[in-house]
Amino acid sequence: MEQYYSKSETPLKFHKFFWYVLLPINFISTALTFYQEFSVMTEFTWLYAIDGLFFTMALFLMMGCFIGFFGWKPYAWYSVMAFLGLLVVSGIGTVAVYAAYDPDQLPFAGGQLLAAILEAALIGKYYRKRRPLFFSDAQPAAAAHETMDAYYLDDDGTDDTDVEEEAADDVPEEADDDYIAEEDSDTKEAADEADDD
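Quick note: the sequence shown, position 65, residue 65 per full-length UniProt numbering, numbers continuous.
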């Protein structure tokens, strides 16, 4: 799966829509449902306890997403994934409860579960591709190589690794000739010594 490592090169339109539109709408609707369900409660049962746990977890995870997105915090990514998983688990629980207590509502619960699975699959895939944006230390070798290439570039875009070649070009030709002549004389002396032996 292709992943994105640079915020400037990553398509983020859906991320902004999810952040500024879907999360607040989901948060408000979940909070209202939580309030309405518990305001009409006449007797506390285990179903209310499960609902209360779900609503509380969902609200905290959505808050974690929303706040964490401001700084691309790792906990925001984990909150998104946990929230999507919670939606699917809640959908499965709803189907099980309706199957046991109200089979007439089973098609409605099944539709909710299908929607939760589809939402989790699509949004989960979207954020799995963007996971490296939330974890700055998780740069792969390819991205690290690109970073090193960028490090060795001058302001004018030339490669700093050619410094030795440029320095060699700056040496006067006379100096090159002296060096070659000196090297040749050393080689000749070594050859003469070998002949004497």
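It is possible that part of the hints are untrue.
[Unchecked claim] As a list, the in silico EDC-like pairs of lysine to aspartate or glutamate whose alpha-carbon atoms are at most 20 Å apart:
hint	residue 1	residue 2
1	Lys-13	Asp-102
2	Lys-129	Glu-119
3	Lys-16	Glu-119
In short, the hints are calculated from the structure, not lab data.
Taking the hints in turn, this is what the structure says about them:
no. : hint              : result
1   : Lys-13 - Asp-102  : 41 Å, violated
2   : Lys-129 - Glu-119 : 16 Å, holds
3   : Lys-16 - Glu-119  : 16 Å, holds
In summary, the structure is inconsistent with hint 1 from the numbered list given earlier, while agreeing with all the others.
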